[in-house]
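S.K.: The primary structure of each chain is shown beneath.
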Amino acid sequence: AQSVTQLDSHVSVSEGTPVLLRCNYSSSYSPSLFWYVQHPNKGLQLLLKYTSAATLVKGINGFEAEFKKSETSFHLTKPSAHMSDAAEYFCVVSDGAGGTSYGKLTFGQGTILTVHP
Amino acid sequence: GAGVSQSPRYKVAKRGQDVALRCDPISGHVSLFWYQQALGQGPEFLTYFQNEAQLDKSGLPSDRFFAERPEGSVSTLKIQRTQQEDSAVYLCASSLGRTSYMDEQFFGPGTRLTVL
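If you're matching them up, the sequences are chains A and B in order. Using my numbering, the first residue of the first sequence is number 5, and each one after it goes up by one. Using my numbering, the first residue of the second sequence is number 272, and each one after it goes up by one.
Do not rely on the hints blindly, as some may be mistaken.
Unchecked claim - Quick list of in silico lysine-lysine cross-link-like pairs, DSS-like style, CA-CA up to 25 Å:
#1 B:LYS282 - A:LYS73
#2 A:LYS46 - B:LYS349
#3 B:LYS282 - B:LYS328
Stated by the list, open to error - Derived coverage of chain B by chain A (criterion: at least 3 residues anywhere in the stretch with Cβ under 8 Å from a Cβ of chain A; other residues may be distant):
#4 314-324
#5 379-386
No wet-lab data here; the hints were simulated from the structure. We put the CB at the ideal spot given by N, CA and C, even for glycine.
Please build the complete structure, drawing on both the sequences and the hints.
M.R.: Below, the structure is given as structure tokens:
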């Protein structure tokens, strides 16, 4: 079975300071991991994904995440927050276990990022 | 447009009414997923289609929920005899492939269902 835990339900930062959103996962198989962002009244948008290639993954809008198998973590970071980054972020896992090779996604509970001027 | 579209965007139903939610996936996408997102929660898997075949419906919460994709493109999620606990945002997603769990899923804007 696969599962995801996002360690913070809310994160608040000042504009221009670094962002860290924490995620731990559990998977019986080699997983694919994703970060999606959801702006108010908009659909989920993919930020980045890890699929067993490079462990440091770069995404859109300056975000990146590092896959650490030993820690079962996939934390999302950005060096400098922008006001437009304020949104809800979801860490997501997908693996090929149990016949779900088609890509059934399991979402974390979400982290709401607030950016102060 | 080129993205996933859903209709209606908002639906208010009285308890006990039947509702139908529509999803238009990206043209040519083989895989189609439905997710349910309760207030303050992450989306949860409901069901999966590969073309017109419903291969996984393990996430449907009860037999009041029914989904179809008869021609392998447009999909409809139907909820019979709606209950207050059915209130949520229903998300549709599509992806190009059929067997890869590495594919990106493209999400629609969702239908917000409120049951009074």
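S.K.: Work down the list of hints and note, for each, if the structure agrees.
M.R.: Cross-check of the supplied hints:
1. B:LYS282 - A:LYS73: Status violated; Cα separation ~43 Å.
2. A:LYS46 - B:LYS349: holds (23 Å)
3. B:LYS282 - B:LYS328: holds (23 Å)
4. 314-324: It holds, with 5 qualifying residues against the three required.
5. 379-386: holds (count 3)
In summary, the one numbered hint that this structure violates is 1.
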